[in-house]
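2 protein chains.
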Amino acid sequence: MLIQFLEHIKKFTEFEQEDFCRVQDYFDMEMYHKKDIILSAGSKCNCNYYVLEGCLHMYFTGENGIDRTVQFAIENWWMTDNLAYQKGETTDFNIQAVENTTLLKITAGRQEKLLREFPALETYFRKIYEIAYGASLMKKKYIFDYSKEEMYYHFTKSFPQFAQRVPQYLIASFLGLTPEYVSEIRAKKRS
Amino acid sequence: MLIQFLEHIKKFTEFEQEDFCRVQDYFDMEMYHKKDIILSAGSKCNCNYYVLEGCLHMYFTGENGIDRTVQFAIENWWMTDNLAYQKGETTDFNIQAVENTTLLKITAGRQEKLLREFPALETYFRKIYEIAYGASLMKKKYIFDYSKEEMYYHFTKSFPQFAQRVPQYLIASFLGLTPEYVSEIRAKKRS
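Here the protein sequences come in this chain order: A and B. In this text, residue positions in the first sequence follow numbering that gives the first Met the number 0: the first is 0, and each later residue adds one. In this text, residue positions in the second sequence follow numbering that gives the first Met the number 0: the first is 0, and each later residue adds one.
Think of the hints as simulated: they come from the structure by calculation, not from any bench. A hint or two may mislead.
Some but not every residue of chain A turned toward chain B, in silico, with C-beta under 8 Å [to be verified]:
| hint | residue |
| --- | --- |
| 1 | Arg67 |
| 2 | Asp80 |
| 3 | Gln85 |
| 4 | Asp91 |
| 5 | Ile130 |
| 6 | Tyr132 |
| 7 | Lys139 |
| 8 | Lys140 |
| 9 | Asp144 |
Beta carbons are placed, not taken as given, at the ideal position from N, Cα and C, and that holds for glycine.
Bound conformation, chain A alone (with noise of 0.2 Å):
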């Protein structure tokens, strides 16, 4: 199952299979049924989550006491609160997993000291940010221009495998819909 992290690696930098050995003790490997909470808001961001096979979402429950879903990770994907992690600070953030989930799990230390070992591995994480930030920026761009149906279809056309494993209602959080809203035009394609 590791060898998926390799080849993810291997994606955006160039790693040698017999360093990969090494890397592999930096972190731990945990295995979470669906549900399970994994990181709470309100405790200290101390870890960075790679999912081997599973999802995760996370989410802040906001001052109304509505929940709310701000990134979903499945496999190959990296997940922590990044300024919380960064600083070492508490978070506001809860991460969930959606279904059973195995992960790796490293902490911001031993993420440091592995970074200095394998510098080829700043090129990967510098590369993986760069992405998720210009994502960030584009998802602007689409918030502006879609209507609410638009973005819904948009994005079960664009990441067609969440929509098939997550559920709708969380979906819905993500999207910023309700998920009568998502319900509707769910029956509204239908009909």
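Starting from the structure of chain A, add chain B where the hints point.
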């Protein structure tokens, strides 16, 4: 003026002053007047920009013809359409000078060479993008938790340098408010 770029690098990674002379050769310094367009939607996005002095904003023109700002950059901030830049594609965004602006410009090809010559700069860019991405997640939380009025106050309190320098209609555009609404909030505050 370039010394501020070295100081900014040293905030995030160890870097020697004697190496910095060679770093400078990778960049062109350019000066723009207020309202000059630096990057146009529909053109190839091949450059990354670092602001030495002045202010830029990145925006797109929506299908309804209205311009919408997605990010600002003042001194020591980087700006480009990261997705298009990484893939060498055309951009949907424009970058414009909000004030008279002096910047450092680097092409994607030269940045690749720069990073190969100075791997310490991979750490610099990794941290820059990690913060930018983390901040974009946090902004989603603010949008949800705050009323439009609170959003405006939170922004102007958190970034007073923007509130003083950037025209109100651009702050309104960035926050997704109408200029009329911002005038109303400001009038209410004064009364």
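| said: Restraint: Asp144 (chain A) near chain B, CB-CB cut 8 Å. Satisfied or not? | reply: Holds. Min distance 5 Å.
| task | Mind checking the CB of Tyr132 (chain A) against every CB in chain B and telling me if the closest is under 8 Å? | result | holds (4 Å)
| query | Does Asp91 (chain A) pass the interface check with chain B, least Cβ-Cβ distance below 8 Å? | reply | holds (6 Å)
| request: Let me know if the C-beta of Lys139 (chain A) comes in closer than 8 Å to any C-beta of chain B, holds or violated. | output: Cβ of Lys139 (chain A) sits 5 Å from chain B, so the hint holds.
| field | Hint check: 8 Å Cβ-Cβ cutoff, Arg67 (chain A) to chain B | value | Since chain B brings a Cβ to about 5 Å from Arg67 (chain A), closer than 8 Å, the hint holds.
| query | Would the stated hint for Lys140 (chain A) survive a check requiring a Cβ distance to chain B of less than 8 Å? | reply | holds (5 Å)
| said: A closest beta-carbon separation below 8 Å is what the hint needs, so does Asp80 (chain A) meet it against chain B? | reply: Holds, because the Cβ-Cβ distance from Asp80 (chain A) to chain B comes to roughly 7 Å (cut-off 8 Å).
| Holds or violated: is there a CB of chain B closer than 8 Å to the CB of Ile130 (chain A)? | holds (7 Å)
| task | Could you check if Gln85 (chain A) really has its C-beta closer than 8 Å to a C-beta on chain B? | result | Interface hint status for Gln85 (chain A): holds (6 Å vs cutoff 8 Å).
Taken one by one, the earlier hints all hold for this structure without exception.
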